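Q: So the chains spell out like this:
Protein chains: 2
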Amino acid sequence: MRDSEFGFIAKLAAMFPAPEGVRGIGDDCAVIPRGDGRDTLVSTDLLTEGVHFLRNRIPPRELGWKTAAVNLSDIAAMGGTPTATFLSLAIPKDCDDGFLSEIMAGYADASRAYAAPLLGGDTCASSGALTLNVTVLGECPHGHALLRSGARPGDTIYVTGTLGESAAGWKAVQSTLPETDLTRALIHRHYHPVPRIAEGREIAACEGAGAAMDLSDGLASDLRHILKASGCGAGIDVNALPLSAQLRQFCKEYGTDPLELALCGGEDYELLFTLRPGTTPPVPCTAIGTIHAGSGLVWKGTDRDFTGFTHF
Amino acid sequence: MRDSEFGFIAKLAAMFPAPEGVRGIGDDCAVIPRGDGRDTLVSTDLLTEGVHFLRNRIPPRELGWKTAAVNLSDIAAMGGTPTATFLSLAIPKDCDDGFLSEIMAGYADASRAYAAPLLGGDTCASSGALTLNVTVLGECPHGHALLRSGARPGDTIYVTGTLGESAAGWKAVQSTLPETDLTRALIHRHYHPVPRIAEGREIAACEGAGAAMDLSDGLASDLRHILKASGCGAGIDVNALPLSAQLRQFCKEYGTDPLELALCGGEDYELLFTLRPGTTPPVPCTAIGTIHAGSGLVWKGTDRDFTGFTHF
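Chain order of the listed sequences is A and B. Numbering-wise, the first sequence is residues 1 to 312 according to our numbering. Numbering-wise, the second sequence is residues 1 to 312 according to our numbering.
None of these hints come from the bench; they were simulated from the model. Some clues are possibly wrong.
As the list makes no split between identical chains, a pair holds if one copy fits it or if it spans any two.
[To be verified] Below, a list of computed lysine-lysine pairs in the BS3-like style, where the Cα atoms sit at most 25 Å apart:
#, residue 1, residue 2
1, 228, 300
2, 11, 228
3, 171, 93
4, 171, 11
5, 93, 11
6, 252, 171
7, 11, 300
8, 252, 11
9, 300, 252
10, 93, 228
11, 228, 171
Note that the structure is predicted; figures quoted are calculated from it, not measured.
Whenever a hint applies, use it, and build me the whole structure from the sequences.
A: Written as C-alpha cells, this is what we have:
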C-alpha cells in the first residue's frame, strides 16, 4: 500500500478500520493473526504502463521479474516468508503472445527464486494500458512482523545495499541515454530489483529490531512514514549514505546530483530499518542516522532539504 | 480466476504447479491449508473500463459495490467465509474525488454487508482506463471447500436465484434502451450482484454436496468447467431454467432470446452446484439437470446449442 496519494489512503483507512488484532492499511503488508501461532501477511501492488514502466522499453522478462519482485519486497519489509502470489493482467490487443510469455517467464524466475508460487489470477482485455496487479501472501510467527511503528528514540537507522542506482537507471531509460556498461548496469538495477527476503527475516529475528519498511518511493519520503507511525523524529547523515561508485560515475557523466537520486529517486527496494542502541546488525547494512524524540527530519552534512517522489 | 482466455490460464497452471496440499489455478479460489484446521481461500479479479463497465454509465457507488461483490462471489462459490479484501485502483486524471468517494462508499457497503474489511491496497495514476483489482481472502474448515471437481455421475445440478437478468440489464445499458421500471430493475441486477455467501456455506456444510462455482461467464460456459474438472458430462433441461417474469417481459419487448441471455449472458453471480442423488437442497434453488458419466453437455427441450461468452 503506497501512502503518498493525496490522503486517499488515509481516508480509506478511516473508512475501513481493521478488526481487533488485525493490522490493516498503513504498513507494507496487512497482518492477519491465525489460530496456529502464525500471522498471514498480505500486500497488493498495481503496475501500469506509462506510469510504472514504458512497454516499448522494458524487456518483458524484466517486467515479469519486477512485477513479482516489488511485491515480494513488501513481505521482506515485514520480515516475513512469502507463500503465494496472485497475478491479474489487463492486456491490450497489440500485446502479443510472445511478449506475454516472456512476462510470465520473468515472473516465474522470481517466483522460483523466492519460493512464492503463483496460485491464481485473472486476465482480461484492456482498452488501453497494459496493467499488472500482484497480491502476495506471506507469513511470520505471530506478533513478529516488522512494523513502521517500531522505531524508538535512540535507535540507529540502517539501510541494506546502496541507494539511487535504480533511479539513475530510470533516468537513463527516460532520457534514452547512450548504452554503455554503466547505463546498462544501472538500468538493470532499475528493472531487476532484489527483494531482501532473507535480510528481512534476519532483522525480524533480531532481539533489538525496531521499525522497518522497504524503500519504494525514496528514503526522504519513506522514512517519514516510519517517523509518523512511530511518533519520532530523525537525523540522517547524508555523508554516510551508501552510494555506489557507479552512481557517482553516472552523476558525474550526466550532471545529476547523487543525493537527489539516493534520497528522492525511489524504487531502490532496499530495507530501511532501525535497531535499538548497541544492537549488532544481523545483516550487511549501513548506519545512516539516528531516531530522536519529538518530530522532524534533519539532514546532516548538507544545507539542503529533500522530499520524496509520487507516482500519483 | 477466469478460465476462458485462449488457454493462457492453462499455460500458467502448467508453469506454476501448486505445492503439495495446496489448490492453485483452476477453481474460483486458491485453497491454502494452515496449521489451525482451517484453509485460507484467495481470489483476485480485475475490472477495467470499456471491458467490464462503462465509466460514464455505471453509477460510481454501484461500481464500488460490484467490484467488491463479484470477488466475494468467488468465496461464496467455495462455500467459504470472507475475511478481508485488498483493492488496487489505477485512476485516470479526469476521474474526480467525488467519483472516487462514491466508488469507495459502494465498496464499503459491500464490505460491511459481508463483514469483509478492506485491509490494504494500492492507488496510482492511469494513463488510460479506470482499472480496479480486488483480492479477497476467506476461510473454511480444512478440506471443506466446494470444488469444481466435486461432481459425480447421478448428481443433480442446481442453480440459486434466476438467470439472465444481469445480461438483460447489460443489454439495456449498451443499447441505451429507454428507462422504464423494467429496464431499471434489470440494470440494477447487472450493477448490483449479490454474492451468495450464506448459500455457499450451507451447501458446503451439506452432507451430499458435490461441485460448485459461481456463474460469471454464463451457465453454458461455466458448467463446462465443472464437467472438465470432474471428468463428467451433463444434461440440462432448458425448460427447467429459472427465468424471471421480468426477463421474459424484457425479451418479449426487445425481441431478445431469454435462453441466450440465461445461458450465455454472464454475470449472474448465482451459484451453480451439484448434490448427490436424494440430497435435499439446503438452500432455495432450482434443479436444472443431471450429471452423467462420460463427457459432453446435452441441452434437453431444445435443438439448439449454447456456448458461453468471453471478456477476452
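Q: Within, between, both or neither: how does the pair residue 11, residue 228 come out at a Cα-Cα threshold of 25 Å?
A: Close inside one copy (16 Å), not across copies (45 Å); limit 25 Å.
Q: When no copy is specified for residue 228 and residue 171, does a C-alpha distance of 25 Å or less occur within a copy, between copies, both, or neither?
A: Result: close neither inside a copy nor across copies, 30 Å intra and 50 Å inter.
Q: Reference check for the pair residue 171 and residue 93, CA-CA at most 25 Å: within, between, both, or neither?
A: Between. Shortest inter-copy distance 24 Å satisfies the 25 Å Cα cut-off; intra-copy 29 Å does not.
Q: At 25 Å max between alpha carbons, let me know whether residue 171 reaches residue 11 within a copy, between copies, both or neither.
A: neither (33 Å within a copy, 35 Å between copies)
Q: Should residue 252 paired with residue 11 be assigned to within, between, both, or neither, using CA atoms and 25 Å as the limit?
A: So residue 252 and residue 11 fail the 25 Å test inside a copy (43 Å) and across (47 Å) alike.
Q: Is it within, between, both or neither when you check residue 300 against residue 252 at 25 Å Cα-Cα?
A: Cα proximity of residue 300 and residue 252: one copy only (23 Å, versus 77 Å across).
Q: Since the copies are identical, ignore which copy is meant and state whether residue 228 and residue 300 lie within 25 Å (CA to CA) inside a copy, between copies, both or neither.
A: within (20 Å within a copy, 65 Å between copies)
Q: Regarding residue 11 and residue 300, is the shortest C-alpha distance of 25 Å or less found within a copy, between copies, in both, or in neither?
A: Classified as neither: same-chain Cα gap 34 Å, cross-chain 53 Å, threshold 25 Å.
Q: Go through the copies and call it for residue 93 and residue 228: within, between, both or neither, with a Cα cutoff of 25 Å.
A: Cα proximity of residue 93 and residue 228: none, with 44 Å in one copy and 29 Å across.
Q: Within a copy, between copies, both or neither: which one fits residue 93 and residue 11 at a CA-CA cutoff of 25 Å?
A: Classified as between: cross-chain Cα gap 19 Å, same-chain 36 Å, threshold 25 Å.
Q: At most 25 Å between alpha carbons: which applies to residue 252 and residue 171, within, between, both or neither?
A: within (14 Å within a copy, 61 Å between copies)
Hint check: violations occur at hints 4, 7, 8, 10, 11; the rest are consistent with the structure.
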